[in-house]
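Participant: If you want the building blocks of each chain, they are given just below.
6 protein chains.
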Amino acid sequence: MNRIDGRAFDELRCVKITPGFAEFAEGSVLIECGHTKVLCCASVEERTPPHVPMGEGWVTAEYSMLPRANRERSRRDVSKLKLSPRSAEIQRLVGRSLRAAVDMKKLGEHTITIDCDVLQGDGGTRTTSVTGGYIALALACRKLVEAGRISQNPLKGYVAGISAGIVDDRVLLDLCYEEDSRAMVDLNCIMNEQGELIELQGTGEGRTFTVDEQQELVRLCAKGVKELIAIQKEILEQ
Amino acid sequence: MNRIDGRAFDELRCVKITPGFAEFAEGSVLIECGHTKVLCCASVEERTPPHVPMGEGWVTAEYSMLPRANRERSRRDVSKLKLSPRSAEIQRLVGRSLRAAVDMKKLGEHTITIDCDVLQGDGGTRTTSVTGGYIALALACRKLVEAGRISQNPLKGYVAGISAGIVDDRVLLDLCYEEDSRAMVDLNCIMNEQGELIELQGTGEGRTFTVDEQQELVRLCAKGVKELIAIQKEILEQ
Amino acid sequence: MNRIDGRAFDELRCVKITPGFAEFAEGSVLIECGHTKVLCCASVEERTPPHVPMGEGWVTAEYSMLPRANRERSRRDVSKLKLSPRSAEIQRLVGRSLRAAVDMKKLGEHTITIDCDVLQGDGGTRTTSVTGGYIALALACRKLVEAGRISQNPLKGYVAGISAGIVDDRVLLDLCYEEDSRAMVDLNCIMNEQGELIELQGTGEGRTFTVDEQQELVRLCAKGVKELIAIQKEILEQ
Amino acid sequence: MNRIDGRAFDELRCVKITPGFAEFAEGSVLIECGHTKVLCCASVEERTPPHVPMGEGWVTAEYSMLPRANRERSRRDVSKLKLSPRSAEIQRLVGRSLRAAVDMKKLGEHTITIDCDVLQGDGGTRTTSVTGGYIALALACRKLVEAGRISQNPLKGYVAGISAGIVDDRVLLDLCYEEDSRAMVDLNCIMNEQGELIELQGTGEGRTFTVDEQQELVRLCAKGVKELIAIQKEILEQ
Amino acid sequence: MNRIDGRAFDELRCVKITPGFAEFAEGSVLIECGHTKVLCCASVEERTPPHVPMGEGWVTAEYSMLPRANRERSRRDVSKLKLSPRSAEIQRLVGRSLRAAVDMKKLGEHTITIDCDVLQGDGGTRTTSVTGGYIALALACRKLVEAGRISQNPLKGYVAGISAGIVDDRVLLDLCYEEDSRAMVDLNCIMNEQGELIELQGTGEGRTFTVDEQQELVRLCAKGVKELIAIQKEILEQ
Amino acid sequence: MNRIDGRAFDELRCVKITPGFAEFAEGSVLIECGHTKVLCCASVEERTPPHVPMGEGWVTAEYSMLPRANRERSRRDVSKLKLSPRSAEIQRLVGRSLRAAVDMKKLGEHTITIDCDVLQGDGGTRTTSVTGGYIALALACRKLVEAGRISQNPLKGYVAGISAGIVDDRVLLDLCYEEDSRAMVDLNCIMNEQGELIELQGTGEGRTFTVDEQQELVRLCAKGVKELIAIQKEILEQ
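Residue numbers (the numbering used here), protein chains in the order written: chain Z, 47 to 284; chain B, 47 to 284; chain L, 47 to 284; chain E, 47 to 284; chain H, 47 to 284; chain Y, 47 to 284.
No lab work stands behind these hints: they were computed from the structure. There's no promise every hint is true.
Simulated coverage check for chain H against chain E, where a stretch passes if three residues somewhere in it have a Cβ under 8 angstroms from a Cβ of chain E [as the list claims (entries may be wrong)]:
#1 62-74
#2 104-118
#3 139-152
#4 158-165
#5 218-226
C-beta atoms are modelled at their ideal positions from N, C-alpha and C, and glycine is treated no differently.
Construct the entire structure; sequences and hints are all you get.
Facilitator: Laid out in structure tokens, this is it:
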């Protein structure tokens with residue numbers, strides 16, 4: 047049985063990254079994974095929220111979909127006067143994932159906000175937001191160091207995310223929308239370069255899954271994250 | 047090294063369940079896990095949201111904390127005019143978990159809403175909401191069958207949830223607030239009676255974690271869920 | 047003609063009070079009057095709103111019903127993005143009533159917020175909130191004195207509330223929901239130990255009422271408040 | 047001791063009523079009591095809210111203050127995204143009071159909304175809203191009958207409201223702002239032509255009050271309502 | 047062909063101005079243009095928004111319609127929890143227009159808010175708000191000077207606004223509602239005493255319009271503004 | 047004196063148009079005018095709002111800026127729970143402008159929503175939204191015809207928009223952000239291919255402007271619109 051777009055079961059979609067897409071942001075990237083397109087912008091402010099210890103920094107994320115990112119137009123959050131609960135869940139995940147990449151003491155009293163705006167959604171927008179958001183964050187950190195606003199780069203290491211799932215009882219890496227909408231089980235992993243976990247979210251949407259299946263999905267994700275970090279490095283070390 | 051409340055590393059907190067605490071709900075339970083107290087109420091309505099296929103049912107959940115459930119008073123959501131993003135994340139988890147327990151065709155055109163209101167929060171409120179919410183759901187389903195409103199009980203099997211974490215490099219089951227606030231890694235599992243996974247959420251709040259550590263935490267959770275399902279059975283089969 | 051639950055026309059429902067139900071609040075009580083259950087929590091903060099004179103304190107109240115407190119589930123305020131107008135009216139009443147019990151100069155620069163959350167509503171929730179809220183307030187004041195945060199107890203005397211009404215042309219004390227929904231006239235009194243009035247709200251829902259009838263209802267309430275204050279004393283002086 | 051504006055203790059402020067101030071409303075009146083100015087407009091719609099029995103009508107009220115109605119400008123409700131709790135309390139009172147004047151079966155399936163917008167506030171705006179709102183309501187009912195949209199006038203009798211209070215231990219009728227802001231006790235009465243009560247709200251803002259004092263305040267209000275109904279009649283029967 | 051109210055094509059509606067209608071505002075006016083009635087109140091505060099340079103002042107406007115200002119009742123903004131987009135557009139226009147009349151350095155660190163509340167709307171409410179708002183602003187400025195709160199009057203000159211439109215291919219000045227609702231083209235001008243433009247908004251609602259037509263409409267407006275400024279002068283210089 | 051980017055006073059910025067940028071929308075375009083980038087998506091729905099006559103269609107627009115579209119990050123509308131008044135003003139302009147291009151009878155009972163999301167803002171975003179929105183609209187109309195959902199193309203002709211302004215007393219076409227922020231006068235024109243006006247908005251932000259100056263700005267805009275329509279044609283007729 048073949049995948050809809052001809053990929054092997056453990057093959058990522060084509061990834062295209064355009065750094066600097068938004069010129070005014072301290073760091074920005076347009077990341078495309080297959081037909082999914084997310085604009086990630088990192089903005090730096092010289093103040094931190096009240097819960098942050100003095101002298102330390104903070105990293106947070108916001109996630110939103112444009113109204114016509116999907117097959118059907120959806121109403122804007124502001125016209126419903128509420129942040130979509132799905133967006134709330136996702137932006138908390140992205141924020142936690144990117145905070146794990148940063149030494150808050152080295153960042154000093156700066157807040158970096160990563161805005162992840164989905165221009166087009168075709169599956170995997172939350173993990174694409176982490177992978178792209180990391181690059182925007184890294185570009186902004188580099189700019190802070192170059193401008194002498196902080197003395198050391200606060201990044202602790204690469205972070206990327208990918209999903210895997212069980213479709214028709216086969217495990218598949220990096221589900222596109224058509225696969226995702228038929229998946230029985232869906233698992234998202236955020237990992238570092240060493241293959242260690244930062245965030246793990248698994249959902250048995252169509253059926254329960256065994257611990258063995260869960261492990262197989264994590265292994266698949268580990269392969270995907272490794273490849274994504276290689277791509278991040280190409281962009282950031284060129 | 048001992049736990050703050052003297053428990054073994056793989057020991058649940060004391061669980062106390064009061065079914066029928068809210069008399070008007072079709073099903074209700076006050077569930078106490080240590081100092082955490084959650085009131086779970088199941089309400090049945092004869093209509094379903096638009097996305098549900100005709101002839102099928104729906105299960106959804108809402109989660110909220112009373113303003114003085116915690117050590118500090120927090121403002122009510124309504125006075126901030128927004129559902130707390132944390133509550134949004136949790137109620138999506140509880141809803142997905144309890145939907146996994148129900149055959150929507152057998153439920154027929156009914157919506158069951160599980161309200162999980164935290165009267166006191168001392169760690170583990172999201173998994174306690176699933177464990178208690180399942181009992182409220184089961185009581186409501188039983189009432190529907192007894193009243194002849196549906197012909198077959200739509201429940202597919204027991205579902206419960208528990209957390210485990212890594213504190214001072216030791217894995218611990220069922221973290222209380224003091225442990226949770228110092229945990230490096232935190233993992234929530236929702237499982238069925240067969241030890242299969244329904245939802246899995248792991249977060250490296252203080253550090254990354256290896257796949258081996260993740261597996262150890264899942265094993266610990268499986269033990270806890272087994273014990274919780276035994277308690278659910280006692281209540282429901284008495 | 048007998049009342050639905052066999053009470054005499056001037057008889058209170060059974061009152062059950064559980065102080066300390068919420069362990070983190072400076073003062074808390076679960077008060078049950080018949081099937082009505084209200085959790086009252088008093089929280090102390092070291093700051094006052096802008097309109098309060100320097101050196102003085104403030105007491106305020108918030109009132110809310112859990113979604114399944116009643117025979118039908120109601121939507122949460124936050125999902126409608128507005129405080130229910132009925133809750134707004136009631137929490138203003140509770141706040142004014144409890145402020146009347148406190149010497150704001152003795153309280154000093156503290157705000158005490160009394161959260162009254164109705165877990166189950168079977169009539170009389172607003173007056174039950176005042177009666178229970180007073181105990182929570184008293185427990186919090188005592189704790190402030192014991193902790194040396196204020197030098198003198200700021201309470202000026204006991205305060206409690208009760209309703210009376212005209213049902214089938216008979217005056218009845220402490221209406222339960224079934225009586226309340228058929229009442230022609232409904233009157234709520236908040237009084238002190240001397241039988242003096244603090245708040246008085248009378249409504250001719252089904253018909254007008256004479257000044258004589260109004261006086262008879264106030265007399266009935268005075269009897270009820272006297273008994274409630276005796277119960278408050280038992281709890282607070284034990 | 048004299049009142050600030052030279053009135054006797056039991057004397058109303060000068061009342062000026064301009065019917066038809068808003069030309070498009072089915073009924074409207076600009077009512078001025080001293081410096082208080084309220085524009086009351088009655089609007090008729092051919093549908094009723096869900097809770098109203100088929101074939102019957104409904105009367106409701108909305109109350110709001112213009113931002114510069116008072117000595118200080120206040121922010122608009124919409125800019126705070128919430129109905130002021132005080133307005134919520136008042137519009138519930140006005141709605142209940144005016145519903146008491148109407149036979150809902152005779153009104154048939156119409157909703158009459160009475161908008162009470164305070165152009166200038168100098169004390170007594172809630173009772174002025176009832177007194178003026180009644181005239182707007184009566185004008186709208188008359189228009190419905192004249193247009194043959196209903197066959198019988200649904201009004202059951204006159205309704206008006208007034209306040210009285212205790213200032214410097216003297217009872218005074220119809221408090222202006224300066225008196226109101228110093229009042230120890232404040233009582234609002236809504237009554238019919240027979241001197242029977244429809245709504246009664248008394249508040250011990252500065253001190254408690256005895257049942258005797260309460261009765262004296264009601265007697266004073268009865269005198270005021272009688273005079274206000276005479277003025278309503280002049281307008282409506284001319 | 048005659049206009050509905052018998053006016054010549056270039057004739058203003060009857061203008062009636064009642065200064066001091068709202069007694070507590072620093073400046074106020076009830077302005078009536080035909081059946082359009084707008085209450086304009088100017089309120090002075092001793093602080094400015096963050097974007098204003100130190101030592102300078104600010105002028106802003108708010109615009110709202112009472113629910114029954116029009117032929118049909120409309121819901122209040124607060125009950126929809128959003129400022130009507132039309133009101134947002136208009137209050138930005140009024141604010142910009144009146145700021146053009148003020149020397150912000152002479153105003154010093156004061157904010158003047160002009161509240162324009164439409165009591166009755168019969169066309170031309172936005173330009174009537176500017177014309178009336180200017181008088182309220184001028185009265186407030188005069189009061190500031192008289193009270194010694196600023197040393198020089200900050201007004202730079204008169205400002206007024208009027209609309210013109212194309213109805214049945216004829217250009218008409220100062221459209222009333224019936225004309226406005228049939229107009230193909232609608233143009234609003236805010237001008238000073240010298241006939242110079244401050245704001246210009248033209249809309250081809252029913253068809254496009256040529257540059258020549260646009261110029262003719264501007265000329266017509268210039269005539270109207272001249273007459274309105276003469277009326278403003280009468281009020282302010284009497 | 048030279049312009050900051052070396053353009054002649056009557057020269058447009060470089061325009062780049064990418065049709066089909068959002069693949070799921072019925073019509074879409076990424077339009078870049080200098081550094082301004084707007085994503086315009088047209089979405090078709092088979093229903094119309096209540097005010098639209100039966101058998102006719104409707105065109106509406108929504109406008110929003112991504113949080114980091116500008117030099118400073120701004121908070122999202124949803125986190126402030128209100129549509130920015132500036133966005134409200136602009137989306138009304140875009141909607142009116144594009145409706146002028148459509149024969150609503152030929153469109154039949156469809157609503158086309160044009161979402162204009164500013165990915166980067168460097169001046170002229172409102173007119174760029176009209177120019178790009180027209181292309182998205184045209185692409186969607188073409189798709190409706192090709193799919194046989196409507197029988198005739200409902201477009202009546204090309205529509206585009208441009209701004210001009212007075213900077214340092216010189217008239218300039220198509221202001222970029224740096225020019226715009228120093229402009230004394232700013233004028234936006236929406237025109238058709240015949241050079242007729244559809245919308246005209248002029249603002250004297252820094253000083254008043256004469257009718258002659260206004261005419262000169264309109265002439266400049268007419269030149270710009272002509273060139274923009276030529277570019278639209280290239281895209282749509284290729």
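Participant: Against this structure, judge whether each hint is valid.
Facilitator: Hints versus structure:
no. : hint    : result
1   : 62-74   : holds (count 6)
2   : 104-118 : holds (count 8)
3   : 139-152 : violated (count 0)
4   : 158-165 : holds (count 4)
5   : 218-226 : violated (count 0)
Violated hints, in rising order: 3, 5; the structure is consistent with all others.
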